[in-house]
Amino acid sequence: MLVGVDFEPGTQGGPFPHWLNKRANPLPRSCPGDGWKVFVPHSSASARIVKVALCILPDTVAAHVLEVCDLSIQPHRAGICRRCWPSGPLDPLTVTEFLQQIVNGLALGAIYALIALGYTMVYGVLRFINFAHSDLFMLGAYAGALIAPRLGTLLPLGGVANALVTLVLAMAICALLGVLIEILAYRPLRDRPRLVVLITAIGISMLIEQVAQNGRLGFGPEVRRFPALIPDVTWHLGGVTLGSTSVIVFGVTAVLLALLTWTVKCTRVGMAMRAVAFNEKAAALMGVNVNRIISFTFAVGSALAAAGGILFALNFGKIDPLMGVQPGLKAFVAAVLGGIGNLPGACLGGIVLGVVESVVGGNPRLTSYRDAVAFAVLILILLLKPEGLLGHRTKEKV
Amino acid sequence: MKRHPQLWLLAAIILAAVLSASARPAGVNPYYLGVAVDVGINVILAVSLNLINGHTGQFSLGHAGFMAVGAYVASSITLGLAARFGGPALTPLLFAGSLLAGGLAAALAGLAVGVPSLRLRGDYLAIVTLGFGEIIRVILQTTDAVGAASGLKGIPKFTSFGWAWALAALTVYVVACLVNSTYGRGFIAVHDDEVAARSMGINTTRYKVTAFVIGAFFAGLAGGLYAHHKQFISPGGFDFNKSIEIVVMVILGGMGRTAGVIAAAIVLTLLPEVLRPVAEYRMILYALLILGLMLARPQGLFTWERRTGAKPGPQPT
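Sequence order for the protein chains is H and S.
Using this note's numbering, read the first sequence as starting at 186 and increasing by one per residue.
Using this note's numbering, read the second sequence as starting at 841 and increasing by one per residue.
These are computed hints drawn from the structure, not numbers from a lab.
Check before you lean on any hint, since a few could be wrong.
Some chain S residues flagged as far from chain H (calculated, every beta-carbon gap over 10 Å) [as the list claims (entries may be wrong)]:
| id | residue |
| --- | --- |
| 1 | S916 |
| 2 | R924 |
| 3 | A936 |
| 4 | G1024 |
| 5 | K1082 |
Among chain S residues calculated to face chain H with C-beta under 8 Å, some are [claimed, not checked]:
| id | residue |
| --- | --- |
| 6 | L873 |
| 7 | V875 |
| 8 | V978 |
The C-beta atom is built at its ideal place from N, Cα and C for all residues, glycine as well.
In isolation and in its complexed conformation, chain H is listed as follows (with noise of 0.2 Å):
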């Protein structure tokens, strides 16, 4: 079945395509033979109304269109239904193509690097997986959505202006609340067992997820739209598109790692974390606060989380209460890969996992399987080399 979308803002009274719209032209239940083929036009601005229809889409019809984010690298394959794709042997990737996907391979990397920093950050100087973190992620997102649409009746800046106040305001009250989290629930039981830290942090995730989700106390189950903050453009290098969004992304994460950069090599503040995470004793001796020292870590952490978060969210045009999950799973995997506690190997890891995923997830043939990338990474890496990429070997004591 062929379906053809007109997007031509104003026709068909929305801006949706018709066949999106269920109650006038209703989708069958069941995947016709050769599945949906949806052609969309060269533009982001379309590919993110698409995106953003799937999202209300009731699952049985979703599953059945591939993730339109891809749909520029393969216009005409976009959207073909993943069980009807012919079976065969693994198409090859073009040129074109494989440069796609390693151009929002970076995109993606780029956002599991801020959110990776952060964990590494807090397993330097607390030695545990901090599983809330995937939450303030989500948290900063919804920041982001509820000062966006605000600010812009407050302050009569420029587009660009808005959206760096929102990032700014989305980043501190993200480092609030994670400075909150700490001083309440981690510092108490600083001294007890790991695992009891560990499954505190799973409370807190599960508690802060629990209320995003109520729609009384929270922001409710369902999905929302995330406001565009930028101007969509799009530049074609080439076969290979590059949007405003990606753009940002890479901008955005290069200035705050270089941010990050100077504050842990040339501040005092920096000095402590990195005095802390050597050995927490010993710097408490020399006269180091461990104690604001660590919330300083935590709010530098949730800071990142909340900037990856809006990033996230303007890349994919989306948010959720649930949104967090799985950016965080694969950010922590990025930070093992790139060796726990090291600050450029979470970058480095992130990076290369935003690549291998988007490789694979480009391939029609695997694009199910993108999910399982990262854990299959993760294992392989534990395997052949469990301190990580650029992490050292430490030596156990007995």
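Following the hints, complete the assembly by docking chain S onto the known chain H.
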């Protein structure tokens, strides 16, 4: 409890047999019966995870993955064979066979997880097992033969109260006997101090893998029971949250305490049912319960004394 697990088993089986015999008439509210089956299944899950997380001191977050393997294998077998050998006389045999196959498949999966993870510990192990659980889920979600994302429907309702509780009693018996045997002391040695255990000549690797395989086997059994109880399974039902649910039972009961873990499994199965009137806030209360527990009683709700010789402190880093 420690001295006479056989007696407890006997008592449990008699209780199960008596109750299942008396519950067969239609007089009993089917809702209560369903909850009772859930209790049995969760006891199996919690006690089997307790072997890995509690007695052996590993930290697995992938128990739902093993459960999924068991559930899918068992229900595929029943769905494939029920039409051909549909006689009522053969049903228990078919069910037992499919449960066993599900358990064995899950045990194989446990072997696959246990072997690479033996060099890891603590939170690394947790994240790897979590990853394995997710991989199992993604594979199920993309396999069309088992219904992909929409799951398997129309599984015959073979699981009865008697099946669930008898298998729960069997699980408790096997795990208790294993841990209290001479061989089983090795699990506790690995839990207490791995380095010391190794220097005493205990093959720690082998013990860890054994714990994973046996734990996974029973999780697979529970998965089979679950599938034939709910009559519908989908990959989404065996996600990370399901694993957490089982882990919470083990923590609440006190790691490595079979009786406490059984009690916790019962309480945590009944709790959501009791909380049904405030269903909207149910999971929030559940999360708060975990947090309160960790802050106030990290050694478990049903633990009053410390086991002698057990090291209360953190694992060596």
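Consistency of the hints with the structure:
| no. | hint | in the structure |
| --- | --- | --- |
| 1 | S916 | 19 Å, holds |
| 2 | R924 | 27 Å, holds |
| 3 | A936 | 33 Å, holds |
| 4 | G1024 | 22 Å, holds |
| 5 | K1082 | 13 Å, holds |
| 6 | L873 | 29 Å, violated |
| 7 | V875 | 22 Å, violated |
| 8 | V978 | 4 Å, holds |
Violated hints for the displayed structure, listed by number in ascending order: 6 and 7.
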